[in-house]
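Please work from the sequences and hints to get the whole structure.
Going by my numbering, the letters in the sequence shown line up with residues 35 to 129, in that order.
I should point out that these hints are in silico values taken from the structure, not numbers from a laboratory.
Where a beta carbon is used, it is the ideal one built from N, C-alpha and C, also for glycine.
Take these hints with a grain of salt, some might be off.
[Unchecked claim] Restricting the straight-line Cα-Cα distance to at most 25 Å, the calculated cross-link-like pairs of lysine to any residue (SDA-like) are:
1. Lys70 to Ile83
2. Lys72 to Ile83
3. Lys70 to Gly89
4. Lys75 to Arg98
5. Lys70 to Thr80
6. Lys96 to Lys75
7. Lys90 to Asn103
8. Lys90 to Arg79
9. Lys68 to Glu78
10. Lys87 to Asn103
11. Lys96 to Leu85
12. Lys68 to Ile83
13. Lys70 to Lys90
14. Lys70 to Leu85
15. Lys73 to Arg88
16. Lys72 to Lys96
17. Lys96 to Val109
18. Lys68 to Arg88
19. Lys68 to Glu81
20. Lys87 to Gly97
21. Lys73 to Thr84
22. Lys75 to Gly97
23. Lys90 to Lys101
24. Lys75 to Leu85
25. Lys75 to Thr64
26. Lys90 to Arg69
27. Lys87 to Arg98
28. Lys96 to Ile83
29. Lys75 to Arg88
30. Lys96 to Arg110
31. Lys70 to Glu81
32. Lys75 to Ala86
[Unchecked claim] The calculated label-pair distances, taken between Cβ atoms and stated as ranges, are:
33. Arg99 to Asp67: 41 to 51 Å
34. Glu94 to Glu71: 31 to 41 Å
35. Gly89 to Lys68: 48 to 58 Å
36. Ile83 to Glu42: 48 to 58 Å
37. Arg69 to Ala105: 26 to 36 Å
38. Glu76 to Arg110: 47 to 57 Å
39. Lys73 to Lys96: 28 to 38 Å
40. Lys75 to Ala105: 40 to 50 Å
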Amino acid sequence: MPHHCHRERPWTEKKGRDSLDPSRSPTHNTAHDKRKEKKRKERERTEEITLAKRGKRNRETKGRREKQNEAERTVREEGEEGGDDGGGERGRRRR
35 MPHHCHRERP
45 WTEKKGRDSL
55 DPSRSPTHNT
65 AHDKRKEKKR
75 KERERTEEIT
85 LAKRGKRNRE
95 TKGRREKQNE
105 AERTVREEGE
115 EGGDDGGGER
125 GRRRR
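So, in structure tokens, the structure goes:
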């Protein structure tokens with residue numbers, strides 16, 4: 035004979051306490067929530083920093099790229115006039 039009544043309990047209801055009743059457990063996992071919140075804030079902050087850095091990097095590389103394109107253009111123009119541009123393999127491939 036069973037010593038306790040076994041009834042089907044819905045999945046929302048836990049054994050010891052009613053998990054959906056906040057008044058029964060006011061201190062439920064607050065430390066965990068605080069830690070999660072702290073992590074989330076830190077992640078957002080670092081994301082902002084990386085985005086800012088990325089923007090700065092993009093601006094720098096854009097300037098560098100323009101300079102490089104200009105240098106290549108002058109080299110190409112000199113190459114057309116005659117004379118080796120000192121490119122080696124690269125110059126041969128370009129023809």
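List, from low to high, the hint numbers that the structure doesn't satisfy.
-> Checked against the structure, the hints that fail are numbers 3, 4, 6, 13, 16, 18, 22, 26, 35 and 37, while the rest are satisfied.
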